[in-house]
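Engineer: This is what each chain is made of:
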Amino acid sequence: MTKAKTNPGRFFEDYKVGQVIRHAVPRTVSGGERAMYHALYPARGALYSSDEFARVAGLPSAPIDDLAAFHVVFGKTVPDVSLNAVANLGYAEGRWLKPVYPGDTLRSESEVIGLKENSNGKSGVVYVRTTGLNQYDHKVMEYVRWVMVRKGDLAAPAPEAVVPALAKVVDPKDLVVPTGLDFSNYDFTLAGEPHRLGDYQIGEKIDHVDGVTIEEAEHMIATRLWQNTAKVHFDATFREDGKRLIYGGHVISMARALSFNGLANAQMIVALNGGAHANPCFAGDTVKAWSEVLDVAETAAPGVGAIRLRLVATKQGAAPFAYKGEDGKYAPEVLLDLDYWALMPV
Amino acid sequence: MTKAKTNPGRFFEDYKVGQVIRHAVPRTVSGGERAMYHALYPARGALYSSDEFARVAGLPSAPIDDLAAFHVVFGKTVPDVSLNAVANLGYAEGRWLKPVYPGDTLRSESEVIGLKENSNGKSGVVYVRTTGLNQYDHKVMEYVRWVMVRKGDLAAPAPEAVVPALAKVVDPKDLVVPTGLDFSNYDFTLAGEPHRLGDYQIGEKIDHVDGVTIEEAEHMIATRLWQNTAKVHFDATFREDGKRLIYGGHVISMARALSFNGLANAQMIVALNGGAHANPCFAGDTVKAWSEVLDVAETAAPGVGAIRLRLVATKQGAAPFAYKGEDGKYAPEVLLDLDYWALMPV
Amino acid sequence: MTKAKTNPGRFFEDYKVGQVIRHAVPRTVSGGERAMYHALYPARGALYSSDEFARVAGLPSAPIDDLAAFHVVFGKTVPDVSLNAVANLGYAEGRWLKPVYPGDTLRSESEVIGLKENSNGKSGVVYVRTTGLNQYDHKVMEYVRWVMVRKGDLAAPAPEAVVPALAKVVDPKDLVVPTGLDFSNYDFTLAGEPHRLGDYQIGEKIDHVDGVTIEEAEHMIATRLWQNTAKVHFDATFREDGKRLIYGGHVISMARALSFNGLANAQMIVALNGGAHANPCFAGDTVKAWSEVLDVAETAAPGVGAIRLRLVATKQGAAPFAYKGEDGKYAPEVLLDLDYWALMPV
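Residue numbers (our numbering), protein chains in the order written: chain A, 331 to 676; chain B, 331 to 676; chain C, 331 to 676.
Extracted from the complex, chain A is given alone in its bound form:
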């Protein structure tokens, strides 16, 4: 009798700066993933919903939703990066580099770019830069993530602390606009709202109004679809309280989809500046979202601008535009605080 063949996950002392981890299992995406994404989230971005709309915008067809691509890339890293993680601490320098289309096959690699043992000697912070690649070995996205990971052997010596310098915000000149993207003939009626980039003011906040009550079956179906198999999302006997913790990415996608109502033209996410899963989300929670316009920028593509948004997801009981208290801590009803760049017609 042995457990030796199952994956115990990596512990803090198993990571070395410079180490490159090729993650299992490559994944070919199809219209099936698109249909499921749109069934699990109220996603309605026209560019991701209609081949015709995408063609008018200069793309060969509708890509797989940007966050679906993110989840596929992210899901593969879980067995290697976060199986023994105590906490998911942050994201930075995320960029979408190439749209993903039905038929593409994605895989992921991560490079360890930082390590810092905690003063308690029981865990440490691991920084990885993860890259998603398609079947041509073209990069489709990259992002930095850092997690707190338990030590397996408490006697293992602390590594030299390396904390990478990470940009607070992706510089708009580093945003990658998909080749050919052109919003000159953008049909605002078909897209769902008349608001173009110039209609948004920096500092403007938008209450996205709609809410969705989350069910166990839904978040598990979604999380499995991304081949993210962390026990805590699926096994009601795993946590002492008998609750299944909802994958943070489920909340990201739910909030982003809800933000259609008010940001229908924030079509493509091209950068993830940062993000925090402020509080855990469980089945039965009703998720709502609000956004704040943080910045705007130009791009070289015809008719295409960029908007930097803070996307905040909240649950039932949240005050309007709930965020942080005077102590700088998130209100208990705040689930997510995400900072991203999206492309929008000017």
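Some hints could be false.
[What the hints assert, rightly or not] Derived SDA-like pairs: lysine to any residue, alpha-carbon spacing no greater than 20 Å straight-line: (1) B:K335 - A:V676; (2) A:K498 - A:G658; (3) B:K561 - A:G614; (4) A:K335 - C:G528; (5) B:K335 - A:D537; (6) A:K561 - C:K335; (7) C:K335 - B:E534; (8) B:K335 - A:P524; (9) B:K498 - B:A627; (10) B:K573 - B:N418; (11) C:K335 - B:G528; (12) A:K659 - A:A417; (13) C:K659 - C:G420; (14) B:K573 - A:T616; (15) B:K535 - B:N418; (16) A:K535 - B:N337; (17) C:K335 - B:A652; (18) A:K452 - A:A491; (19) A:K335 - C:V676; (20) B:K335 - A:V626; (21) A:K335 - A:N414; (22) A:K335 - C:E622; (23) B:K335 - A:G533.
Derived from the structure by calculation, the hints contain no laboratory data.
Once you have looked at the hints, place chains B and C on chain A.
Structural biologist: Then chains B and C, alone, in the frame of chain A:
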């Protein structure tokens, strides 16, 4: 802080007879939508399940289920037509005009064809004729729907009342049989039942026997798949009773799929004569269905006849063939009363 | 008023040895079915997840998961074989004969190969050999299944007892390796684990560690996807205890997917030697799995070996490696006992 960018929906006074509304968001359908439709409903119509069966019947491949096409077209109208609706009052003159295949992109338009303010001055009835179009701007379906919509401004003057004359039943000579459809070589064994049109008697009632208990996750997944985002279906904090109202179309598809058992050869829905959502449906309800044969007709296509059916969905506690009481009102266990034409081998 | 048109199912006396039943409804599978399979189960076999991985292994693209193909073939037999079944007694001589790819259309046929009335005169055992065929009439799989079926007419005479001689195990020389399969360039990192056939010892047991708590919505969605419409899985009013019995195949797929953790390289199931649904499974149960290596064998394909595994699914409360008690009966927490051959790189 503003909600100004979110869609408040149209109020009664915002509609004008003759107005044409182009609805957002176009949608390309794929095998993903078909797989999900067949996973959400016990749909087994051979023509919609098998490319080979469809080819023998003269079609290029299996279309997307007729009601899936309906839901896609209908879902797009919700933000423009029924966001502030108090009640969905009826359907008429629905016709499927062209099968929808994986790869097709659908969009919807609605023309306001009638308006009548209620005597209370607080709401009114809006009649729209909705058309679904594919990427070639070919009509794939059309139907009339009328809803009761709240007034936003109670001081707005009542419009001149226009109540369109609507056919009680689509005349069989107006049914559109898909080009090439031919049931001469129809394989009744593969289709699942031996009964042809001649085996059904007008007035015959069929108890479809099977039942399905509905879960929150399922109706929300289905309703989102059609990009129908009416709050009342998703947000458990929206109604005072904490219940999520199930999209009426979910009940339509469930009942139609259940009717396979006894009507396996009623393959394609080609007309919607009328329909009523008699009582609301909630998660936990067990849906069953029965049908009554209302009429039969010939078509010009080889081996293809038409059958007019009343499809009634009921929930737990319903008497056999539960319908209306002596007062003409629906029994409280009746969920749906639908009147449609389907094509069946003669 | 009549139920005459609905399918009452066959009773014991309706079967004759030698009878061939062509089952309804043929089914074309697509990437939609693959996406759903991977969303409903934590399936991560690289060969079924990635077109690129499959090509390196000599296949034209990633097939539909072996058990998804099984469910499609099996589902079609339910209305003809097990609608009036009291119990599903066993499986034998199952073989996967040809991979199923998106675009293939499957249908099923069953030949009655044995009949034995029970001594109580109220039911009997029916043995069928079921074959799944694709659109070219090529066999994609076959298996023997026997079920206990009620008699409809207790006065019907007992048929001559015919009990087929069934192999306890599919002989490894009868395993069909897909044409072209070649594991010479197998990428163990992408596949998820380093263990090759030589790393497994006969008698070795593997605890697959992970668990999944099952929801009503999930097992119903899965079971409908395979067009298995047995009432007992869907209708909470059908059983006296108000529970919906989970389709045994749902447990098979869940356990097999969980076994990835420790058996990631047991890529393709090629034979089903036997199986028992030891105890019923209901929503709320948390399924875990363990495997035992029963045998290994060579194949003629380059780099491809075969491993015979016992896969046992258990629910909450099970002891480690729970199986049978001293009385030879399954422990009450054992859900499934499956004996199969899979292909694995040597």
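Engineer: List, from low to high, the hint numbers that the structure doesn't satisfy.
Structural biologist: Hints 6, 15 contradicted; others consistent.
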